[in-house]
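*Asks:* What follows is the residue order along each chain.
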Amino acid sequence: MNLIAAAILAPLSMMVLILLLRRFPAALALLGAAVGMFASLYLLADAFNGQGNQLILPGLPDMPLRLISTPLTALLSTLVAGVSSLVLVYAVGYMKKDSEKVRFFATMLLFVSAMQTLVLAGDWILLLAAWELIGLSSYLLIGFWYRRPGVTSAATRAFLVTRSADLGLYIAVFILIASAGSSDIATTLNTGGNAAIAAGFFLLVAAMGKSAQTPLHDWLQRAMAGPTPVSALLHSATLVAAGAILLIRVAPMLPPEVLLVIGLVGGVTTVVTGLIALGERDLKRLTAASTSSQYGLMLVAVGAGVPLAALLHLIAHATIKSGLFLGAGIFQHSRNSTVLVNLQGAGRDRPRVFFGYALAALALAGIPPMSGYFSKEAIIAASLASPNVLLLAPLALAGTLLTGAYMARALRILWHGDRKSHKIVGLYWMGAGLAGLVTLAVILGVAFPAIETLLNTRLPENTPTRFPPEIFGLGAAVGGLILGWFFTARRLLGPLLPWVQQGFTIAGGFDNLMVRPAFAIARSCERLERILYAGVFAVGRFGLDIGRAVRRNDEQGIDGLIFSLVRNTVELGSRARSLQSGLIHREMAITVVGTALILAALLLALLVY
Amino acid sequence: MSIELLLALITGAALFGVGIYGALSQTNLVMIMMGIELILAGAMVNLVAFWRYLHPDNPAGQMFVLIIMTVMAIEMAVGFGVAIARFRAKGSVEMEEAAELKG
Amino acid sequence: MLPIVSITLFLPLLGALLVMTLRKAPVQVVHTIGIVTSGLTLMGVVRMWSRGVNETGFAQLEQLDWMPSIGAAYRVGVDGISLPLVLLTALLFFVTFIYSAKVRKQSHAFVALMLLLETASIGVFTALDAILFYVFFEVSLVAMYFMIAEWGHEDRQRAALMFFIYTFLGSLPLLLAILGLYLGSDPHTFDMRDWISNPPLNGTAAMLALVAMLITFAVKTPVFPFHTWLPAAHVQAPAAGSVILAGVMLKFGTYGLVRFAFQMTPDAFRDAGIVILVFGVVAALYGAFAALAQSDLKRLVAYTSVNHMGYIIIGVAIAALATDPAIRATALDGSVLQMVSHGLVTGALFLLVGMLQDRANTREMDQFGGLLNVIPILGWSFVLAAFASLGLPGLAHFPAEFQIFLATLQVEPVAVIAILGIVITAGLYLRAIGKVFLGEPREKWTNMADLNVREVLALSPLLILIVAVGVVPAWVLDVIHKTTAALQF
Amino acid sequence: MERDLALIIPEIIVLLTGVVALVAEMLRLPRIALTVTVTGLLLATGMTLPLLGADTSIFGGTFRIDMLSVWAKLILLPATVLSVLLARTELGGSDREGTVYSLVCFVTLGSLVLAGAGDSMLLVLGILLSGLGSFALVAYPRNDSATEAAMKFFVFAAVTGAIMIFGLSYWFGGTGSTLLSDLSRLEEKPVVAAVGLIAVIVGLGYKASLVPFHFWAPDAYEGAPVSIAAYLSVVPKIGAILALTQVVRDLPMSTGWPLVIAVVSVITMTYGYLAALVQDNIVRLLAYSSVAQAGYFLIGIVAVGASPLAFTSIIVFSAAYAAMNLGAFAVVMHAGRTLDVFSGIGRKNIAIGVAMVVFLLSLAGIPPLAGFVGKFLLFGASIEAGFTWLAVIAILNSVLSLAVYLRIIVPMYQQPIITASGSAPIPLVKWVLGITFTFTLGIGLAAQVLLGRLA
Amino acid sequence: MTAQMFFIGFFGLAGVWFGIVVFRTFSMVRSALALLFSQTALGAMFLSMQAEFLGVLQIMMMATEMSIMAIFMVMFMMDPGGLGEMDMTHQKRLSLGAGIVSFVAAVAVAVFVDWGPVASVSPDAAQQTIDLGLELLGRSMLIFETAGITILTAMIAATAVAIQPVKRTREQ
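Residue numbers (our numbering), protein chains in the order written: chain A, 73 to 681; chain B, 1016 to 1118; chain C, 625 to 1113; chain D, 1268 to 1722; chain E, 669 to 840.
You may find that some hints are simply not true.
What the hints assert, rightly or not - Partial pick of chain B residues on the chain D-facing surface, computed with a CB cut under 10 Å:
#1 GLY1027
#2 PHE1031
#3 LEU1039
#4 LEU1053
#5 ILE1054
#6 PHE1065
#7 LEU1069
#8 VAL1086
#9 ILE1089
#10 ALA1100
#11 VAL1108
Source of the hints: derived by calculation from the structure; they are not laboratory data. Note that this is a predicted model, so its numbers are computed, not measured. Glycine included, every Cβ here is placed at the ideal spot set by N, Cα and C.
Full structure from sequences and hints, please.
*Replies:* In structure tokens form, the structure reads like this:
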């Protein structure tokens, strides 16, 4: 059996099995994840040995579906498998008390297999399909607790915003297939010219939706309504990562114009959402905003022309962010809340958890020697080396600074305060997941050179620049940490705070700009619909009116007879009795006049001939 | 074209016009029948004139006149039959009173 | 060789006659006859499927003299465009019979009428003679009229009349067009194969015939602004009627569009392609928006049909406008597959709404809430069908819509605007799911019963096929593509 | 001469049948009269069969034995038999029942004379012959409404007949002959042709109840017994239509007659359906519907000379019309004259309901019923003759017609049963329904049987 | 102006005049008499057009017919004597218009149509009768027979309509 298929089918088949058996969900889910991970690792090992692998499936006519294992896809697949396995381990504990484990694990497995399909897809159709399927599974997962108020709308919003942006992917895919004549991704990457520019912009739109880039960042924070493992998975290696992965995969094709825009979008996002994170009052929402911010940084890297830096940060961020979420989930269980005010001191209750959380936070901020340091330094270096250095570098540095600031703020709040946590069920499972992820987050930086070798590309280390990136990056990170630890958000943000806390909503955001107009159009359609409907009946009535007029002609004046085609004919019979009559001489007169008219018509016809 | 033919045709046309007037204006069945007789008479005049001045070699014209006479007689007979039946049922043959059927 | 097409075609009619003769038979027997007959029909169609289609032209031809002096004959056969639709028809009737086994009101007449309708529907798709086609086309109308009028809901009388008059009015121009084509063919014949291989009309005559046909099929499909009968008829029709109406009878319009308008007046169709395309785009968007404004579930599903049929129109128009045969094949593949997908998905949705209505006696979304917990099977089935309807990959609509839009972008990039409909339908279905199935369950529905075995049996073939078409569209597309790739112009 | 006589054997048989039926009536033997009538008419039908395919004329061209007149016999004689059976059901046991059969025979004879007329004089006599009996039949109940109907009928007949004769006199002047086949001489005298044509349209139009000469029809049908109305709406009407066909086939095209006929056709069908739309007496509704159907016949006449389909279509539609209209009237005879009594009838008596639906849908022209085949051929003929607009209007009128017929169908199935009537049909009506039903369906499905003979 | 022309004109005028009188008098009997005179004048006109047989026949037939008519007239008129000065007409203006239009149209046809060459001589009376007889028993035999049947039918129909019903029919 082909291993590519195994990476996808292992979780999928376990999902089916869970749904059929409706028992042992956790065990089966772990089994599926483990098998999938082995398959991914095997693919990765093959990739290290220089072996590719591919699988061609029947698809649309002349457009078969392809799964390919290249170094890049194998690496991403491993990342997905690894992170998801650990999150699932954690989830065993987290969901211990929930009554709908079957549904939860089944959906999680669906999610994992969809994501595996996405990263392993070798053609656009399959990629698009996977892209939408992770949208579906995230909808199902965010809406997992659908009976709670607000959950449905959060899930709906997540799905709708991403789906709207997905249109960009649809159109980009159409453009690429049309210009390349093939749906194979590798083939389409040779596209150039206007098609590449157009496709690039539409791909960016799609990526912005999935990776929650400004101005489409709003849905991600709301998506916190789902269970924490879901958030961990969404934010690290799956849903949100999809956008960045897409751009990394197509980066060779993107022309400079598009790259600049990508960099700008990323830079703006990293600053905007960094500020939002800084002002946030909820730990999970803070973490969510930071996700957007970090993906913004990755887009900066892509925009700077160094997708490898983005990839490295993606990997580092995946482990770090899921670690952060898992930690946050433990704190949530211990205080039954995710609001920062209620979490004060929660870290001190569980120092080991806090330690892990802090390590992850520092890694995210970019403190050496943890993985985040290397990836972030690569991004800053890339931005400094890019032709648009003046635009990208300040944004990247600001993003780094903000990262340090909000992470330090979170740590401070978790550490200071009263100790009042209670016991948690399933802490060991959760702890195990957290530990695994944090370990990865700390040490993964070691693996980066190996990854560079694997992908056969190098970071632009030795390019001569006037600004040494290590200094700038580290300086920004440390500076941010210091600011965040010593100053409150109110002090830092000042008058901006209220606006920040609204999430920088411009002109009412998605609701006002998209939803309301859609409903307005819908309502006008409905009005038009009524008019049309009435119009059809008016035509019918008009016909009846003529009929009545004709009848009057036949009978000399019927008093107004209200006749309805469908309404009861019984009443009608009696009313018709009261009619006056047509006299034969009148009728005969009509006959004669009619004859005269026909004669006239005939003479006219004669003239014509 | 001969004046005789023209005269005869005008006579036929006049009879036709008078007959139409009669058929339309009379309220009594029998009077209407008189109008019809006049129309038919007009047709006969036309036919005889056409036979005499245009096609004297074809006796079909005369034949047609014979047929029209038959028609006149027959219509009169049946008309009176209908009139009697109506008279029995209603007591009059006035058209104005025949207005039960309508619509 | 066994005339399997004819046997399949007239099997339901025989069943109908059998039901009519067994006037005294108990209700269960009658419904059993219905299920067995439609099951056998389905098997016949499966046999047709296994025989396959030809590379060019029509396969499995069967013919018999009917009116040789005017060139009309009984001719049936299938190609890659009609065979999937025949399969869809047989399947939908089969599940509808299973679902309707609960009908007690005039069940003899119901079963007989449904079987008659089945023959008519299969006939429309298999007929290769224009007169025969028209006959089946109209008979289906009559049968559906009685279906709505007798077994419909509260305002059925008006809806049935509107449906009948509207679509009858719509079908008359087709008659004119058929006459025109007949008189244009030399020698005079009603053989549709001749008309296709050798289009009889050209110039203005062809354009007039095309306009006439477009009116007919626009009403039947339906296309904005000729669609007003559709919501009315759907809302009032019984669930079985809605399934057939949406699943099968709407396809008459699009099938006719391909078979008649597109194939028999190709040049005129190409000239009018842009106009048709505009109609398709408007229908797609209008249907989506109008559906968004609905609060009645059945109306909502009905309007999404307008949207989905709009995509088909777009596909066919694009196929006409395209110059590259590959693109043309893609567009047509997508359109035909969309017909199948729409039949499966909308059929399932109408069944589900019907089942919900059976339980709650209402279709207003605001009346429900939290039902997913109470009736999980129905709820999850609805979610699956709804996601299929909004075009999620892996489910039936995706490959079809993908192909249609792919071709559209290559031919008329502006028309891709219709893709907005995808988002709108997503929004309205999520809204519907949210209102009906998510949230806190309402008191009054807590005792609602979930689907019983019969209902699950009726539903599951559709849901399975929705996934099957979505995941491996190739098994249908291979058949369709065989024909579309070989179309000559 | 012997040959000529041999060719009119069917007519002679009909004549003898009428006379014998009268004699039987005089002997107060109505059952014998019935038997004689039915047998005689069927015999005449049988004797017509050998004439199929003949195309000749007899007695110096005054009478034509052609496709039209032979098929007229094959259609009208069985239709008469069915009408007689209906009349027996409705009027059986009444005073002077036998005269009805006798008069029916004479009216049919008149219609046959019309259908084969090759001479103006036969046209006149045919109208008269088919008219005279009709008045008596309509007046048969001798009550107020029947005599009123008969009186109106008579007056209309007399006036229109006189106008026609007057107009025909010009044709004699123009051609020097009363033969219709000599009408081609009018090529140079279009005005004469026009005047005569108008007169003929008036005379035959009255018989075929074309608008604006239709006024008598609803009144007469309403006043007359239903079986007689059924008979009148079929036999004399088809006779007149065929006579009109016989006239125009010889008329030079230069007179522009197709256009006039087309205009009359449009007016007739539209007006007929519009008026039918607001009727609540079902006999009047069917009367107006038969007015409108006459307009459809004219579509075929328009195409005479321009399309080989013309005669075929007229004959097929005649057969279809005879079957479906008689069927519909038979149901009305069984059920009652107002729309009210139709409510729920389809549920109570399924066979009657199905039959009525089939008849009405056939009248509306829905395939695969007889009416559809007929209309289809008519439209085809008119399009081939270049009158596409006429076909379009006719098709639009079909929608109107549907509305009309649905007004009967809808209550049949949808309203509660309010009347107590609706007993099982009497055997004779059953037979009539069965036969008309078979033909309505059969002509639709197996039109080839007809078409093959007509080709 | 030939004598023939004069007689045609004279009798024509007389026929038309008496025709008008039919509808101008209020007395039924006078109407019937006027019609009789009108028809007789036309018979005379036929004679002056050398159609002897038809002329004589016309005068004979019309005399009988009109006398029958007069009898019925008395039977069915509301006011047989015409004493009441009752107006037995309606829609006079329309009827007058229709009559005039009909007249004008018919005259127009007569005047504006080129009827072709006029035959100056006609067969003499004996020849005419022979011709007519041959026509009757030759070409027009069927027509003649049909006329006979029509008369038979008329007799049956008129009788059937006119005689008193013995018992009421079921229809009532």
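*Asks:* Would you mind marking each hint as holding or not holding in the structure?
*Replies:* Hint-by-hint comparison with the structure:
Look at B/GLY1027: its Cβ gets to within about 7 Å of chain D, closer than 10 Å, so that hint holds up. With its C-beta approaching chain D no nearer than about 6 Å, B/PHE1031 sits inside the 10 Å limit, and its interface hint holds. Taking 10 Å as the C-beta cut-off, the interface hint given for B/LEU1039 holds, the closest approach to chain D being about 8 Å. For B/LEU1053, the interface hint holds, the least distance from its beta-carbon to any beta-carbon of chain D being 9 Å, beneath 10 Å.
With 10 Å as the threshold, the beta carbon of B/ILE1054 comes within range of chain D, its nearest partner Cβ sitting at about 4 Å, so the hint holds. The restraint placing B/PHE1065 at the interface with chain D holds, with a minimum CB-CB distance near 4 Å, inside the 10 Å limit. Among the interface hints, the one on B/LEU1069 holds; its C-beta lies about 6 Å from the nearest C-beta in chain D, closer than the 10 Å criterion. The beta carbon of B/VAL1086 comes within 6 Å of a beta carbon in chain D, closer than 10 Å, and the hint placing it at the interface holds.
A cut of 10 Å between beta carbons decides the hint on B/ILE1089: the least distance to chain D is about 6 Å, and the hint holds. Annotation: B/ALA1100 was flagged as interfacial toward chain D, and the flag holds, the nearest CB pair being 5 Å apart, inside 10 Å. Look at B/VAL1108: its Cβ gets to within about 7 Å of chain D, closer than 10 Å, so that hint holds up.
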